[in-house]
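Could you build the full structure based on these sequences and the hints that come with them?
Chains A, B and C, in that order, are what the protein sequence lines are. The first sequence begins at 2 in our numbering and counts up by one. The second sequence begins at 2 in our numbering and counts up by one. The third sequence begins at 2 in our numbering and counts up by one.
Be a bit skeptical, because a hint or two may be false.
Claimed, not checked - Restricting the straight-line Cα-Cα distance to at most 27 Å, the calculated cross-link-like pairs of lysine-lysine (BS3-like) are:
# : chain 1 : residue 1 : chain 2 : residue 2
1 : A       : K339      : B       : K337
2 : A       : K337      : B       : K339
3 : C       : K125      : A       : K333
4 : C       : K339      : B       : K333
Said to hold, decoys possible - Computed from the model, here is a short list of chain B residues facing chain C with C-beta under 10 Å:
#  : residue
5  : R48
6  : D55
7  : P93
8  : A101
9  : S102
10 : A172
11 : H186
12 : K243
13 : A300
14 : S313
15 : S317
16 : K333
If you are wondering where the hints come from, they were derived from the structure by calculation, not from laboratory data. Idealized CB from N, CA, C, for every residue including glycine.
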Amino acid sequence: MADSRFFACAGPFRLRELAEITGAELSAGADPDAEIGDVAPLDTADRHQISFLDNRRYLEAFTKSQAGACVVMPELADRAPDGMALLITSKPYRCYARIASHLYPEDPVTQSRHTSASVDPAAKVGPGTSIGPGVSIGAAAEIGAGCRIGANAVIGDGVVIGDGTRIGANASLSYCIVGHDCEIHAGVCIGNRGFGFAMDPEGFVDVPQLGRVIVEDNVEIGANSTIDRGAGPDTVIGAGCKIDNLVQIGHNVQLGRGCVLVAQSGIAGSTRLEDFVVVAAQAGVTGHLTIGRGAQLAAQSGVMRDVPPGQSVGGSPAMPIREYMRLVSSWKRQGKAKVKDKPNE
Amino acid sequence: MADSRFFACAGPFRLRELAEITGAELSAGADPDAEIGDVAPLDTADRHQISFLDNRRYLEAFTKSQAGACVVMPELADRAPDGMALLITSKPYRCYARIASHLYPEDPVTQSRHTSASVDPAAKVGPGTSIGPGVSIGAAAEIGAGCRIGANAVIGDGVVIGDGTRIGANASLSYCIVGHDCEIHAGVCIGNRGFGFAMDPEGFVDVPQLGRVIVEDNVEIGANSTIDRGAGPDTVIGAGCKIDNLVQIGHNVQLGRGCVLVAQSGIAGSTRLEDFVVVAAQAGVTGHLTIGRGAQLAAQSGVMRDVPPGQSVGGSPAMPIREYMRLVSSWKRQGKAKVKDKPNE
Amino acid sequence: MADSRFFACAGPFRLRELAEITGAELSAGADPDAEIGDVAPLDTADRHQISFLDNRRYLEAFTKSQAGACVVMPELADRAPDGMALLITSKPYRCYARIASHLYPEDPVTQSRHTSASVDPAAKVGPGTSIGPGVSIGAAAEIGAGCRIGANAVIGDGVVIGDGTRIGANASLSYCIVGHDCEIHAGVCIGNRGFGFAMDPEGFVDVPQLGRVIVEDNVEIGANSTIDRGAGPDTVIGAGCKIDNLVQIGHNVQLGRGCVLVAQSGIAGSTRLEDFVVVAAQAGVTGHLTIGRGAQLAAQSGVMRDVPPGQSVGGSPAMPIREYMRLVSSWKRQGKAKVKDKPNE
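Written out as structure tokens, the structure is:
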């Protein structure tokens with residue numbers, strides 16, 4: 002199904018093999034030697050393709066699907082249409098991810114340096130790294146092994162990039178130390194001076210921003226997101242963080258491990274997120290706060306105070322999610338209240 | 002009035018000609034042979050220039066304007082100052098657009114390929130296309146005829162671009178099929194992998210994103226906006242959509258024809274907008290929803306549920322606009338309520 | 002403390018000298034000949050380093066700090082630990098900024114033009130300007146003296162840039178006149194056509210955008226921000242404005258002097274901000290408004306009406322901040338109200 006202009010399929014594979022690599026259980030009656038050549042959505046898959054069901058919104062599509070096989074959780078297995086083989090697992094999306102990666106492995110990176118790239122003589126580039134057209138790599142920069150540096154990306158003086166990290170087209174990195182196996186997407190800007198200045202009636206005085214951005218291993222940063230360098234302490238993006246597109250991270254921010262920041266969210270300066278915090282889309286966190294481990298900040302929430310570990314908050318200004326839900330119920334009643342009630346207020 | 006550094010004026014033209022090309026009616030007493038050499042705002046226009054009135058906020062400026070001519074709707078024609086020629090039409094802004102385009106036609110694109118551009122030998126480039134400095138065009142990419150590819154833009158392997166489409170400076174396109182006569186502005190990122198991963202206590206597993214971005218004809222995409230490729234199905238931007246700056250479109254999103262997405266709005270994954278939906282600035286739509294034809298989402302609204310065709314919604318979480326307006330009235334009362342009322346609650 | 006990969010320290014300096022350049026008062030008993038070699042945060046500074054205290058959140062860190070010296074306001078001086086020298090001033094952050102700039106002066110710009118840059122023969126470039134790899138400078142552009150143009154930046158035809166201005170990597174400038182001593186960060190897009198089109202049932206008609214962007218002197222524009230050119234009048238960014246990352250400025254917007262726009266905020270078309278307006282993060286201002294001198298718009302606020310000079314507003318839609326605070330108190334009560342109260346409403 003995937004467009005061969007862009008994706009090369011390594012399949013087909015037998016169902017038996019897909020069950021093995023994922024640890025899912027093959028449903029009774031399914032033919033373990035049936036061949037699966039591709040992945041496809043429930044509504045378009047044919048009998049040579051495998052799909053998955055992870056969201057009950059798509060239950061009807063599942064029951065009508067022509068897919069030859071489907072990854073599904075045990076409690077929905079009995080809703081499958083006749084003749085569909087099932088890979089049964091408590092984590093269908095994760096299991097589907099492994100199958101799709103098996104069918105469509107990532108392109109290997111091969112060592113190359115485009116003639117139009119400008120690599121400073123004092124920069125180091127590891128073996129097996131691919132440097133695209135128009136790339137600029139500054140003095141004393143250190144690029145690891147097996148990296149892919151996309152066309153027209155700019156790697157500033159002294160920047161360090163770990164092994165296996167991929168940098169997207171037109172990304173701009175400066176004043177940063179990036180770990181291994183990261184994926185920095187197109188247009189990302191890392192290391193610009195933070196928004197630090199003294200304000201008073203005489204005008205603004207820029208405060209030198211003398212920190213760096215530390216991006217730990219296995220981090221993903223989405224297109225056109227911006228991460229400012231620290232003012233003195235560093236800005237730190239913890240290992241395994243997933244940052245979506247158009248996200249703003251201010252100076253001195255510290256993200257723990259495995260935080261998820263969805264598109265267009267923003268974290269103001271000097272705020273610290275402990276491990277595994279989730280910041281939903283368009284949410285904002287003001288500066289100098291601590292957001293506890295595993296906290297969840299709802300979409301468009303505006304967080305003005307510390308959030309304890311594990312707490313979910315919503316609203317602007319944000320409050321505990323149960324209170325916010327009650328407030329929203331109250332808003333709905335107010336929105337529906339007849340105007341004639343006004344005099345009684 | 003326009004700065005000749007940047008814009009070349011094709012005028013002057015006689016009022017008669019401007020009436021003809023727009024279909025507007027020339028006011029009684031106006032001299033059809035009067036020459037108009039330029040467009041200008043109401044407050045600065047002189048008697049050789051034409052202006053327009055489309056917003057009643059500017060009615061006072063209209064009554065005081067020295068403009069030689071003005072495009073105006075019939076019901077405001079009698080407010081014109083003495084001596085001003087009028088082009089009367091029910092659609093003044095549209096009419097003004099045609100006049101301004103007549104005075105300032107777009108620069109023609111002339112075939113060229115800058116010596117610093119890197120065009121893969123296996124890429125195809127149509128006749129009459131201009132390729133700027135530092136452009137990178139990947140293997141098997143296909144660029145149509147009469148396109149303009151701005152400096153340092155990056156067109157990835159296999160990307161297809163239709164005739165007459167213009168790509169801005171530093172834009173990054175990958176995994177996409179773009180129609181004809183589109184305008185993709187500077188810094189836009191199209192085709193990055195969607196924010197798709199399985200989350201569980203063991204960590205994140207990336208889900209291969211095997212779809213594309215399909216941009217249909219006559220689409221405009223504003224500076225630094227980001228559009229992720231589909232996870233399996235494609236992300237689709239319908240014909241004639243107008244997308245402003247810094248807008249985020251998640252994977253698998255489908256926009257119908259003629260949708261308008263204003264700056265800093267965002268659409269989460271797998272949501273579908275039917276034709277002619279308007280999403281105002283900084284609004285957000287959560288994933289897996291359907292927004293009906295012609296629906297209007299107010300600025301900063303947060304849409305968490307399907308919206309029926311034609312409905313206007315506002316607020317976060319969003320509700321029908323009439324309810325939202327009533328809620329806002331209630332908020333205003335609460336904001337003005339004296340503190341001494343508190344004990345009575 | 003600053004990483005020598007990225008920053009070169011000009012110190013050490015004696016306390017006496019730091020007091021002189023800042024005008025701060027050295028505390029009684031402090032040794033004016035003590036040498037300070039670096040700046041550092043309160044919690045990590047040692048006795049050869051200077052820190053500052055500007056926010057009472059860090060008062061405890063101050064009382065425990067090992068810093069050799071600290072910049073502090075008079076009223077907190079008596080909280081200093083024994084043996085810490087103090088530079089006492091009513092403006093500690095400003096004073097610290099001067100000290101840090103003295104220790105870490107900006108790299109001087111030296112005249113250079115990378116061989117991979119494409120400079121149109123009809124462009125003018127002033128003396129002492131540095132042009133990085135892959136830069137594209139268009140016909141009739143004029144770059145001043147002592148500028149730094151970052152790698153892969155694109156300067157369009159006719160663009161004017163004043164002396165001492167720095168342009169970041171991958172920035173895209175067109176249709177603009179930029180003043181002196183500005184700092185335009187990486188990925189910024191200036192001068193794209195505004196979001197101007199006539200909408201009606203027959204479709205959209207683009208309205209030619211015939212204005213420019215005027216960026217006055219000493220302006221800072223953060224990474225990946227976007228500023229559209231005017232439709233006829235110019236878009237104007239007043240002298241000394243500070244614009245953070247991912248900010249959107251629509252066509253015809255006029256910012257007065259010294260406005261501050263924090264990350265992810267947006268100003269819609271034709272709105273005017275008078276001098277010294279502060280727009281906090283993720284706030285939005287709708288079009289055609291006037292925001293009075295010194296007004297303050299809270300984070301995530303949605304401003305739909307003119308704001309008088311000096312007024313602070315909050316909320317969406319925005320209201321005077323005192324009313325908004327009262328409303329927020331009311332929301333908190335509603336959020337905490339027990340469900341059993343519902344029947345009594």
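Hint-by-hint comparison with the structure:
| no. | hint | verdict |
| --- | --- | --- |
| 1 | A:K339 x B:K337 | 20 Å, holds |
| 2 | A:K337 x B:K339 | 24 Å, holds |
| 3 | C:K125 x A:K333 | 62 Å, violated |
| 4 | C:K339 x B:K333 | 24 Å, holds |
| 5 | R48 | 17 Å, violated |
| 6 | D55 | 9 Å, holds |
| 7 | P93 | 9 Å, holds |
| 8 | A101 | 4 Å, holds |
| 9 | S102 | 5 Å, holds |
| 10 | A172 | 9 Å, holds |
| 11 | H186 | 5 Å, holds |
| 12 | K243 | 6 Å, holds |
| 13 | A300 | 6 Å, holds |
| 14 | S313 | 15 Å, violated |
| 15 | S317 | 8 Å, holds |
| 16 | K333 | 7 Å, holds |
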